[in-house]
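Here is what each chain is made of, one letter per residue.
2 protein chains.
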Amino acid sequence: MNQTYSQATYRLHDDKADFAKKAQSIAVGLTVGSWTELPEAAKAQMQKHLGQVVSVDVYEPEGLQPGERYADITIAYPDVNFSRDIPAFLVTAFGKLSMDGKIKLIDISPSDDFLSAFPGPKFGIQGVRDLLGVQDRPLVMSIFKSVIGHDLDNLREQFLQQALGGVDLIKDDEILFENPLTPLERRVEACVSAAREAERATGQKLIYFTNLTGSTFELKANAKRAIAAGANGLLFNVLAYGFDALAELAKDPDIHVPIAAHPAMAGALYPSPHYGVAAPVLLGKLMRIAGADLSLFPSPYGSVVMPKAENLAVMEALLAPTLPQKPSFPVPSAGIHPGLSPLIMGDFGPHVVVNAGGGVHGHPGGAAAGGRAFRQAVDAVSKGIALEQYAKDHEELRIAIERWGVRTS
Amino acid sequence: MNQTYSQATYRLHDDKADFAKKAQSIAVGLTVGSWTELPEAAKAQMQKHLGQVVSVDVYEPEGLQPGERYADITIAYPDVNFSRDIPAFLVTAFGKLSMDGKIKLIDISPSDDFLSAFPGPKFGIQGVRDLLGVQDRPLVMSIFKSVIGHDLDNLREQFLQQALGGVDLIKDDEILFENPLTPLERRVEACVSAAREAERATGQKLIYFTNLTGSTFELKANAKRAIAAGANGLLFNVLAYGFDALAELAKDPDIHVPIAAHPAMAGALYPSPHYGVAAPVLLGKLMRIAGADLSLFPSPYGSVVMPKAENLAVMEALLAPTLPQKPSFPVPSAGIHPGLSPLIMGDFGPHVVVNAGGGVHGHPGGAAAGGRAFRQAVDAVSKGIALEQYAKDHEELRIAIERWGVRTS
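Protein chains in written order, with my numbering: chain V, 1 to 409; chain Y, 410 to 818.
Simulated from the structure, these hints should not be mistaken for lab results. Some hints here could point you the wrong way.
Unchecked claim - DSS-like, lysine-lysine: derived pairs with alpha carbons at most 30 Å apart:
1. Y:Lys554 <-> V:Lys102
2. Y:Lys425 <-> Y:Lys511
3. V:Lys102 <-> Y:Lys717
4. V:Lys224 <-> Y:Lys629
5. V:Lys205 <-> V:Lys326
6. Y:Lys633 <-> V:Lys224
7. V:Lys145 <-> Y:Lys457
8. V:Lys220 <-> Y:Lys531
9. Y:Lys430 <-> Y:Lys531
10. Y:Lys554 <-> V:Lys21
11. Y:Lys511 <-> V:Lys102
12. V:Lys308 <-> V:Lys383
13. V:Lys220 <-> Y:Lys614
14. V:Lys392 <-> V:Lys122
15. V:Lys308 <-> Y:Lys430
16. V:Lys122 <-> Y:Lys629
17. Y:Lys531 <-> Y:Lys425
18. V:Lys102 <-> Y:Lys425
19. Y:Lys452 <-> V:Lys145
20. Y:Lys511 <-> V:Lys16
Unchecked claim - Examples of chain Y residues lying across from chain V (beta carbon under 8 Å, computed):
21. Thr440
22. Asp509
23. Leu561
24. Glu583
25. Lys629
26. Asn646
27. Tyr650
28. Pro672
29. Ala675
30. His683
31. Pro709
32. Gly711
33. Leu721
Bear in mind the structure is a predicted one, so any value in this text is a computation, not a measurement. Positions of the beta carbon are idealized from the N, C-alpha and C atoms, including for glycine.
Please take these sequences and the hints and turn them into a complete structure.
This is the structure:
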């Protein structure tokens, strides 16, 4: 077997550290443990297990203030050291090391050999488009206005109203768990029957992402119960269960529906400049490798904000041809209204899901009108027509623009 | 059913926010979604699902610098809103919210009702002591010098040498995964046979914590394979798999061995003052509720450091009688040598595991002597004898002190 390596890149902040030495100590410490004191015979045997320093780029321009000096360090870890699962890779590359000073995992480049163990998204962007029969425009996703404390009739009616506006995707709230009012299978049946009713009215196909919850070891069974009840999509709080749970769900041939990854708890990991895991790794590469067909993340437009450059880096990680896994749909979320469509499509291009809650339900004409306004906005941008122009003969869009305005930059 | 609530406390940094308003928006936004605009009839129905603001403590003394203003906000979430599993609680209390500004989860107080779903550690401190027959002193844990690239004979010999020093616990490295050189069952057999050999020599019982790895959905089967092969303890990278995986392993009656929780990846979550989950929650309360018999965390003494106050807060969370779960052993780790024993036992008291790698293997007399030095140091402190005094007729301790010195403060 050829020797292959998987790489990880870290940003270390330290005012004084000898970063080259630190890089060596990572490469040795997280692999064979010790090196220079080993006898030559042991070195020969251990060489293939030894981590390698790929690069050390120190940032220390003149006039640096305390706290500003850092280095980006890339280490190559021999694949022979860990098994072909994400916990093994992450524990190797950022297990103990995560606790060793101001250090953030800013990139990963798993080897082709490692990546070959991950089928990735079953559907990906093209597969989801094919399911819906929508090839050439951003998809529109809608979420419930509120779910907790509501009964099946209420949820069904909320679902129907959203669906009648012609949205492509509807997802559960991530905080809707198994509960007596809307238990999994009955919820799926109610929402899917609403979807069928709406489809008859609109001619528009629709995927419903049911929130997959419960005990870790029951997740597959719960997914299959949901699918048996008619669910044609799953929402999953990946970070609450670990990337491996997603990877195993995505690998299961009986779970033949798209999976949307919710970023719940991601804010505990990505925003600090000094600690954690950068968003393009956490919500980009890892979600795609593990098999998310859609990955949600905070948009740069709303109240819950991720800076635009970071958003675009997440998108790049989800779409880039450098990974063998199918591309995943980026879903910038929170604070989205129809008037943002030119901006979203300018930033993300056509391969994006426009995801809205308040922007659908807050429409003065109701949720169906809100959905229609989004579809009209997306159509206008796709056709290269200014929203204000298109709104002249598209009533719902006109009202949405009155309510929220238009942003093009 | 009486209405019960589980609480979460956050620290929010913001120079200008109206924290009282923010607290209200959390209490409403993460539960019923909207409140003031609801009709009275709907309010009556939704009241039991509505989050409650418990307290808002704003820190803004005179002369505050930009970035320093914060508030500690406690919200009570109705238990009726989420299922009795840690992912559901965390996604509710810190899912979307984790991405909403500079916010850190600094405490949790799940309700008695929620906690009653968690048996917690099967053994806890007393159970582990009973397994070993050691009631009145800190336990001594040793780790391998290096594991990757070594074969079974080498691992067995390393195990034997450590064990001969009379340590109570030996754990795998957290980065030892399934591999052809030392596959799970053969590794367990080799190490357990070394443990038996050492036990015959020392009269000292020993628990070997085998690293439990692999696919999430194979974890139970892997644990049972290890136990069938003779493993009498498991090491688990909890954060790579999620707290629920630990909780489910700990609940399984067939996994009747203590579980040591490794903190791999914890540094991505706890160190930032602005983001993440505080160490006493992450490595204290949640580990104990989920069922860790031992919880490892970076000691305040070594190179990989957590401040002492935070260490002691983790300890408090592991030991405090306020939780119904059995107390878990605190295991401050990294940089421990025998001369630190007075300090460790001063800080932690007798209910602590003194965990050493380099401090055992780096002993000039070898690992067995290193283990003996630790046992002697712990005995000396337990008897109220100064290490230097005790070292006069305890050779291994004397040499360890020559090598590393003594720290009492």
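Okay, the hints, checked on the actual structure:
{"no.": "1", "hint": "Y:Lys554 <-> V:Lys102", "verdict": "holds (26 Å)"}
{"no.": "2", "hint": "Y:Lys425 <-> Y:Lys511", "verdict": "holds (12 Å)"}
{"no.": "3", "hint": "V:Lys102 <-> Y:Lys717", "verdict": "holds (18 Å)"}
{"no.": "4", "hint": "V:Lys224 <-> Y:Lys629", "verdict": "holds (20 Å)"}
{"no.": "5", "hint": "V:Lys205 <-> V:Lys326", "verdict": "holds (22 Å)"}
{"no.": "6", "hint": "Y:Lys633 <-> V:Lys224", "verdict": "holds (26 Å)"}
{"no.": "7", "hint": "V:Lys145 <-> Y:Lys457", "verdict": "holds (18 Å)"}
{"no.": "8", "hint": "V:Lys220 <-> Y:Lys531", "verdict": "holds (26 Å)"}
{"no.": "9", "hint": "Y:Lys430 <-> Y:Lys531", "verdict": "violated (43 Å)"}
{"no.": "10", "hint": "Y:Lys554 <-> V:Lys21", "verdict": "holds (21 Å)"}
{"no.": "11", "hint": "Y:Lys511 <-> V:Lys102", "verdict": "holds (18 Å)"}
{"no.": "12", "hint": "V:Lys308 <-> V:Lys383", "verdict": "holds (25 Å)"}
{"no.": "13", "hint": "V:Lys220 <-> Y:Lys614", "verdict": "violated (40 Å)"}
{"no.": "14", "hint": "V:Lys392 <-> V:Lys122", "verdict": "violated (41 Å)"}
{"no.": "15", "hint": "V:Lys308 <-> Y:Lys430", "verdict": "holds (27 Å)"}
{"no.": "16", "hint": "V:Lys122 <-> Y:Lys629", "verdict": "holds (26 Å)"}
{"no.": "17", "hint": "Y:Lys531 <-> Y:Lys425", "verdict": "violated (47 Å)"}
{"no.": "18", "hint": "V:Lys102 <-> Y:Lys425", "verdict": "holds (27 Å)"}
{"no.": "19", "hint": "Y:Lys452 <-> V:Lys145", "verdict": "holds (16 Å)"}
{"no.": "20", "hint": "Y:Lys511 <-> V:Lys16", "verdict": "holds (27 Å)"}
{"no.": "21", "hint": "Thr440", "verdict": "holds (6 Å)"}
{"no.": "22", "hint": "Asp509", "verdict": "holds (5 Å)"}
{"no.": "23", "hint": "Leu561", "verdict": "violated (15 Å)"}
{"no.": "24", "hint": "Glu583", "verdict": "holds (6 Å)"}
{"no.": "25", "hint": "Lys629", "verdict": "holds (7 Å)"}
{"no.": "26", "hint": "Asn646", "verdict": "holds (5 Å)"}
{"no.": "27", "hint": "Tyr650", "verdict": "holds (5 Å)"}
{"no.": "28", "hint": "Pro672", "verdict": "holds (7 Å)"}
{"no.": "29", "hint": "Ala675", "verdict": "holds (6 Å)"}
{"no.": "30", "hint": "His683", "verdict": "holds (6 Å)"}
{"no.": "31", "hint": "Pro709", "verdict": "violated (12 Å)"}
{"no.": "32", "hint": "Gly711", "verdict": "violated (10 Å)"}
{"no.": "33", "hint": "Leu721", "verdict": "violated (17 Å)"}
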